[in-house]
Amino acid sequence: MNGLLLAAIAAITYGSRLAAMAILPRPTGRLEQVLARVTPAIFASIATLSLITEQPALVEGPILLAALGALIAAPRRSFALCLVAGVLGYFAGEAIASAMR
Amino acid sequence: MAAEPSVSVARTVAMVAPAAVAIAVFGVLYGAAARPLIGPELTILSSMIVFSGATQFTVIGLLAAGAAAPAVLATAAILNVRHLMMGAVLRSSLGPSRLKRALLAWFLLDESFGFTMLAAERVPQGAERIEVAERTLLVTGLCCYAAWLLGTGLGILGAGLPGLEGVAAAVFPVLFIALAALTARTRSVTVRTVAAAAITAVVCVVLPDWRALAPVVAGLAVALPNDPGPAEAS
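Quick mapping for you: the protein sequence lines, in order, are chains A and B.
For the first sequence, position 79 matches number 79 in our numbering, and the numbering has no gaps at all.
For the second sequence, position 221 matches number 221 in our numbering, and the numbering has no gaps at all.
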């Protein structure tokens, strides 16, 4: 990779951020309504992406259990509780994995 | 009233801290992986001017596989399409200053977007929401940027993080599950959220080469249908 290619990658990345936030017109009407509903869907989609590898296959057991812990805590709608449950799930998964070795 | 912003900044930093630590860990991994391929100078420069883990890891992977520049640029463009949607969603919570939005755009990441939307949706629309959203995007973005640069630098210097990679990888699904749970406030939105996760899983399995577009596809697919019931809380 040379500096020119790196600069082009940087321009594409910042350009995509800049376009929607400062160049394109603010969404209105039907589009604004749709975008108002899209936020949690994007979060769920990114969470799912982080659980499936590019092969595709599921990620390792401890990470799956971390996600399961967060999912179990999710109905309480507490950010801290989700994080704690996720950490507990992860270490439970690690303990199970090491016991099975 | 004067103390409120500083309290909010402290709370925001505390909230973003786990994500920032995870980002730093991935920065170490990136620095260690990129250095032999592109050298220490371009490695740290890439983190300084690209500031996108997904893009940078993918570029390194493509370069290691011998990909040509057009393929690298096309892939970078596809990976960044979701910025368009996240930026459009954020836009209604930001102020009228184009210059300020252009500067804040630098900090648009999955993580900063999540924390910003969460903070913005907790206050009513108007000047207060704009202030909260802009401050949250700036603070979370700065924390993530500092963590990414620190991690990359440590990776270039040869730092090793045995055992931490798994914990860091677990932070991201947990973080985004928590953000989804907090922002899905109605039954209808919750159903759409679960559907988005299912669509993403299908895209990952059936069209793995297009997985980078899954958040855009899934987000629009579940958000487009109108809700026949009472107005949703947003």
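Incorrect hints may have been included.
To be verified - Derived lysine to any residue pairs resembling SDA-like cross-links, with alpha carbons at most 20 Å apart:
| id | chain 1 | residue 1 | chain 2 | residue 2 |
| --- | --- | --- | --- | --- |
| 1 | B | Lys-100 | A | Ala-11 |
| 2 | B | Lys-100 | A | Tyr-14 |
| 3 | B | Lys-100 | B | Ala-77 |
As the list claims (entries may be wrong) - Take a look, some chain B residues computed to stay more than 10 Å from chain A by CB distance:
| id | residue |
| --- | --- |
| 4 | Met-15 |
| 5 | Leu-94 |
| 6 | Gly-158 |
| 7 | Pro-173 |
| 8 | Ile-177 |
| 9 | Ala-178 |
For the record, the hints were derived by calculation from the structure and aren't laboratory data.
We put the beta carbon where it would ideally sit given N, CA and C, even for glycine.
Consistency of the hints with the structure:
A distance of roughly 18 Å separates the Cα atoms of Lys-100(B) and Ala-11(A); the hinted pair therefore holds under the 20 Å criterion. Proximity of Lys-100(B) to Tyr-14(A) is assessed by CA-CA distance (about 15 Å); at most 20 Å being required, the pair is judged to hold. For the suggested pair Lys-100(B) and Ala-77(B), the alpha carbons sit about 24 Å apart, so the restraint of at most 20 Å is broken. Interface exclusion of Met-15(B) from chain A breaks down, the closest Cβ pair being 7 Å apart, not more than 10 Å.
Leu-94(B), annotated as away from the interface, has a beta carbon of chain A within 10 Å; the closest lies near 7 Å. With a least beta-carbon separation of about 21 Å from chain A, Gly-158(B) lies farther than 10 Å from that chain, consistent with its non-interface assignment. For Pro-173(B), the shortest C-beta to C-beta distance to chain A comes to about 4 Å, within the 10 Å cut-off, and the non-interface label is violated. Look at Ile-177(B): its CB is around 4 Å from the nearest CB on chain A, not clear of 10 Å, so calling it non-interface is violated.
Non-interface call for Ala-178(B) relative to chain A: violated, since the shortest CB-CB distance, roughly 3 Å, does not exceed 10 Å.
In the structure shown, a violation is registered for the earlier hints numbered 3, 4, 5, 7, 8, 9, in ascending order.
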